[in-house]
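Peer 1: These are the residues of each chain, in order.
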Amino acid sequence: MADIVPLLKAEHLTMRFGGVVANDDITFTLQEMELRCLIGPNGAGKSTFFKTLTGQLVPTSGTIAFRGMPIAGKASHEIARMGIGIKTQVPNVFNGLSVRENIWLAVRRKATPRQQGPAVDAVLEMIRLTDYADSIVATLSHGQRQWVEIGMVLAAEPELILLDEPAAGMTDEETFHTAAIIREINQTRAIVVVEHDMEFIKQIAKRVTVFHQGRVLVEDTVDKVLADQRVRDVYLGKKVAA
Amino acid sequence: MDKRLRLALQAAGTVVAIGAIAIVPSVIELFGLMQLTLFAAMSVLALSLAFIWGYGGILSFGQTAFFGLGGYAYAIAAVNFQDSTPAILLAIAVPALFAAILGYFIFFGRISDVYLGVITLTVTLILFNSVNSTSGDAYKIGKALLGGFNGMPAVPTFNVPFDPSTVLSPEQSWWTTAYVLLGVFLLLRLLLALPAGRIIVAVRENEVRASLLGYDPRLVKCLTFILGGAIAGLAGALYVNWGAFVSPTIFSLSLSAEIIIWITVGGLGTLLGPIIGCVVIEYIVAYIGSQQLLNSNLVLGGVLVVFVLLLPKGIFPTVRDLVMRLIPDKKPKTNGRPVPSAAPHPAGAE
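Top to bottom, those sequences are chains L and E.
Here this note's numbering is used: the first residue of the first sequence is 15, the next is one more, and so on.
Here this note's numbering is used: the first residue of the second sequence is 48, the next is one more, and so on.
It cannot be assumed that every hint is accurate.
Partial list, derived from the structure: chain E residues whose beta carbon lies under 8 Å from chain L [to be verified]: (1) Pro242; (2) Ala243; (3) Glu252; (4) Asn253; (5) Leu259.
So these bits of chain L aren't anywhere near chain E, every CB distance computed over 12 Å [claimed, not checked]: (6) Phe31; (7) Gln45; (8) Glu48; (9) Gly87; (10) Ala94; (11) Asn106; (12) Arg142; (13) Leu176; (14) Ala194; (15) Asp237.
No lab work stands behind these hints, which were simulated from the structure alone.
Note that the Cβ used here is the ideal one computed from N, Cα and C, for glycine as well.
So here's chain L without its partners, still in its complex pose (with noise of 0.2 Å):
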């Protein structure tokens, strides 16, 4: 039997923007139906390590292999279409347009006609916005943008998940419904969340990566992480300890 390739595996992957080192020789590996938590203080390269994995930026060294196919350097649109999504920091939603086409858009990459309406449908439900699928997506809240974009990357029923900071200008409200979605997507699919709020990340974490000035600091269960004096030190600070 062959070895067990992993869902998704960056090897000494380094990202500059001249001078500055955003991703300093990272490696990094996710099995299949795993999910993980990264950390880190702003700046730590979370977010950049997420545009080299969806083809946003290209990345200065280092190789990428999503189920053992390289991808580094590839195109986003090739990417997506090979099953990875992901909900970006900043929205990046079709703001002219209403909340159903968002989500047709997703949908209808997949889906055949008939599936589509269906499929629309039931992520409406899921995101709870189906009292506002007629509506621009430009004039809801930012909460409920987020909401759009997260279920357009669920509608595209990719492998893998790439969350940047899904919970963002929620309610703790929000933020409790998010954190179950997302323990149900799980049940079927790989998941990798940004995030910053630890309550969050407690709710569903299992394995945490924590970056640190754009290299990997620490990567264990999520107990240990947040026991461990370094976190500390960088990025939890008085948060916990208090």
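Using the hints provided, position chain E relative to the given structure of chain L.
Peer 2: Same frame as chain L, but now just chain E:
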């Protein structure tokens, strides 16, 4: 239902348009009819930019490049074949091919919006100067003398398909031009209602999101650009048919700018607005041209400033919003429409 009412209104509008086009020659004298034929040909040109700019988010400053190529392709082919049928097809195919080549380098080269404007503008100037310097017997394609600055006179006008001996009368030319305009309008309406149309609008709305969902924005924009080029080329053939004449001024920058003014005045992000804008502006320009009091460019500039400052959405969307406000509305005002419409701001300005 809102959707059904809209569809019924559109169907009724189409029937009215078909009828109106049919009876125009019997109520308007020849001079007026010729003028309307010109406006209809120009409206096809307006639609080509209305589509790629208003829905595709591609602001081309050189839509006349395709218009002119279509006009010249038609003229050269018509002189050689002495039959307008293949000439009209070439007037669509040549600009489409040129748009494909130009679009490939612009969109797959990831050239930003500003440079897209510069490149399309420059291409128009290059074509103008190239064609302008083709005086003399050396410059001929087949039997067709290009004629440089003087252009090509006495271009055969449209004939009944595959029957060169039966040339269309001015009335028949009007019907052809006006029905082509209606046909292009309906074709674009249909396209925009189909999934392909919504993808085009989605790419305009957010290229990053579109690509992260697996759509290739480069390809979508390139295809939009090609369709726009083909329509502009067809408009060129209609224009040459109207005047039986083509000269390098068909590539002129002032015409390129005028198309943008038609759309700004009529309403960006709609199809009907640019036609209205085209007819209104062209009528004003023609009227001013017939008297000596004012300079038409001065008036055009004034009209543009007034619209940008006071009616930034343009005539058609403003009137539509007013009518919508007058109709008692039970539903929330953000009702979805079957066809995605106006961009909240000119997409090219980003």
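Peer 1: Was phenylalanine 31 of chain L rightly flagged as not at the interface, with every chain E Cβ beyond 12 Å?
Peer 2: Check passes; 18 Å lies beyond 12 Å.
Peer 1: Does the claim that glutamate 48 of chain L lies outside the interface with chain E hold up, using a Cβ gap greater than 12 Å?
Peer 2: 21 Å, holds
Peer 1: Over 12 Å from every CB of chain E: does alanine 194 of chain L meet that, or does the non-interface label fail?
Peer 2: 24 Å, holds
Peer 1: Return the status of the interface hint for proline 242 of chain E: holds when the least beta-carbon distance to chain L is below 8 Å, violated otherwise.
Peer 2: Holds, about 6 Å.
Peer 1: Mind checking the CB of leucine 259 of chain E against every CB in chain L and telling me if the closest is under 8 Å?
Peer 2: Since chain L brings a Cβ to about 5 Å from leucine 259 of chain E, closer than 8 Å, the hint holds.
Peer 1: Mind checking the CB of asparagine 253 of chain E against every CB in chain L and telling me if the closest is under 8 Å?
Peer 2: Check passed: Cβ of asparagine 253 of chain E comes within 5 Å of chain L, closer than 8 Å.
Peer 1: Minimum C-beta separation from leucine 176 of chain L to chain E exceeding 12 Å: can you confirm that?
Peer 2: Its Cβ does come within 12 Å of chain E, the nearest being 10 Å, so this is violated.
Peer 1: For glycine 87 of chain L, which was marked as not at the interface, is the minimum beta-carbon distance to chain E over 12 Å?
Peer 2: 14 Å, holds
Peer 1: Checking hints one by one. Is glutamate 252 of chain E an interface residue toward chain L, by the C-beta closer than 8 Å rule?
Peer 2: 4 Å, holds
Peer 1: Evaluate the condition: distance from the CB of alanine 94 of chain L to the nearest CB of chain E exceeds 12 Å.
Peer 2: 4 Å, violated
Peer 1: Taking the closest Cβ pair, is alanine 243 of chain E under 8 Å from chain L?
Peer 2: 11 Å, violated
Peer 1: At 12 Å, judged by beta carbons, does aspartate 237 of chain L keep clear of chain E as stated?
Peer 2: 34 Å, holds
Taken one by one, the earlier hints fail for this structure at numbers 2, 10, 11, 13, listed in ascending order.
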